[in-house]
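Chemist: Chain B: place on chain A using the hints.
Line order of the protein sequences matches chains A and B. Quick note on the working numbering: the first sequence kicks off at 1 and runs consecutively. Quick note on the working numbering: the second sequence kicks off at 1 and runs consecutively.
Everything hinted at is true.
Computed beta-carbon distance windows for the label pairs:
1) B:L240 <-> A:T157: 45 to 51 Å
2) A:I207 <-> B:K74: 26 to 32 Å
3) B:S231 <-> A:P160: 47 to 53 Å
4) A:W118 <-> B:T228: 43 to 49 Å
5) B:S195 <-> A:H116: 40 to 46 Å
6) B:G197 <-> A:T196: 51 to 57 Å
7) A:V4 <-> B:N167: 18 to 24 Å
8) B:K106 <-> A:E23: 33 to 39 Å
9) A:G192 <-> B:G197: 54 to 60 Å
10) B:S113 <-> A:N158: 20 to 26 Å
11) A:R95 <-> B:T226: 22 to 28 Å
Below are the DSS-like pairs computed for lysine-lysine, each with C-alpha atoms no more than 30 Å apart in a straight line:
12) A:K113 <-> B:K74
13) B:K106 <-> A:K146
14) B:K91 <-> A:K112
Here's a subset of chain B near chain A, in silico, CB distances under 7 Å, partners left out:
15) V112
16) D133
17) N143
18) Y145
19) N146
20) L152
No lab work stands behind these hints: they were computed from the structure. Each residue gets a CB set at the ideal place from its N, CA and C atoms; glycine is no exception.
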Amino acid sequence: DYPVSPGVIDWSNLYPRFQQGDEVKFCDVGCGYGGLLVTLSPMFPEKYMVGFEIRVKVSDYVNDRFLALRQEDEVFHNAGVIRTNAMKYLPNFFRKGQLEKMFILYPDPHFKKCKHKWRIVSEGLLAEYAYVLQVGGLVYTVSDVKEVHDWMVDHFTNFPLFERHDPSEADKAAQVLIGSTEEGKKVLRNQGQSWTAIFRRVDDPHILNSQAS
Amino acid sequence: CSDTQTKFLVKCGNIPDIPVPEGEEKGKQPRAEGPAYITGVATCGDCVAVISNNKVVETFDRVFQRQGSAVAVKRPTSVQVTSKNVVISDKSGDAYSYDLVLSNRKYLLGHVSVVMDMVLTPDQKFLITCDRDEKIRVSQFPNCYNIESYLLGHEEYVLQILLLSPNILLSVGGDQKLLLWDLSSQTLLQTLSSSHGDYTSVTFSSPYLLTCNTRHVTVYKLSDNTLTQVSEHVSDHDVLNLAASDSRVMMLTREPKL
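With the rest of the complex left out, here is chain A (with noise of 0.2 Å):
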């Protein structure tokens, strides 16, 4: 399910082949049927990437779906799925600093206010993403929801170690987002709306301040 701690997974289970030194750069929290690591794994083919799914049938279904692609084509060596819950075991599996992007396309909206505390995006998580993220990483966020994506900026916006970002031209992921997921797939055959929003992992600016004062 998880390891003890990030120093003990043998990642070459995951990946055919995984190096001595190499280390998972992408994690997609939420991967579903894993549509966005398809589509991200031949556009990075240097970089590990991961996708964490808590339903044990959806995460089968990514497993068997990447091994029959890699049957086809080696290319996608570098993508796998882990079945595990996301918002408890992060830490267990990265080590500060590790990741260079992190995608939530899509998230669960948990209406009702009593489940607002299960969204993917709380203050509280928001210090672990900080966390597994490099200085410079990048978090990529879709929903269909207007209610849920700006909760999501809100709530990112507000967060001293985060800050909304432009990508650039050159940003490959930020285009595929809303085209390469079946949710956003299904989402753009019921001619429904996406709302996207990117964030960027910055210094602590309590440290800047009490550097500067």
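Modeler: The following block gives chain B in isolation, referenced to the frame of chain A:
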């Protein structure tokens, strides 16, 4: 601070009816299920902070004049005090700070599961919290949104954490292990396991660590960042709690009914 070595005689017992402070949101009332009792105490300088099972937090001065009171968001699990703040952790996994008269509540951090124990380093630069999901989190203080490190090694809930020195932390787990950590290098120094079941009480009175597994009491000495066992004792009765001072050990036991 949170200096529990100071010579306070702490009053325990039933808490009389606490009036809910003006301005508290509706619904955040103290719970009224049976007698209220104190579940945690911490002190620093002139301030004594007390948490109780009915969500009430109070601060007093040295002569027990109440300085402030508040109804916590959720049932508090731990309390720490500095020269300027009272910090509490709660059963939701959140930690809040207040000023010394318990106003200006600020959200500090959140675990996903209950925070079972909490310590502040003596230099007040780090707040350390441990939870039911085997995690020990070291956060900067007061900017607790900035996680310094995680100390990961337990395989069950982390029940208690104690600072044995400014740089050495001991953690007690439901996995029947005691883990000794070096905070500056974030490494595990030593693992002690119990062969007598769960740890029911762990106390440190420099340089001695006293541990108890129901009836089995063990004394360790800390030197050179290593714990070495120095003696053992088996009690005739279940030991509820341990305390040590100078050269004495006190055991609070449960007499079986005859």
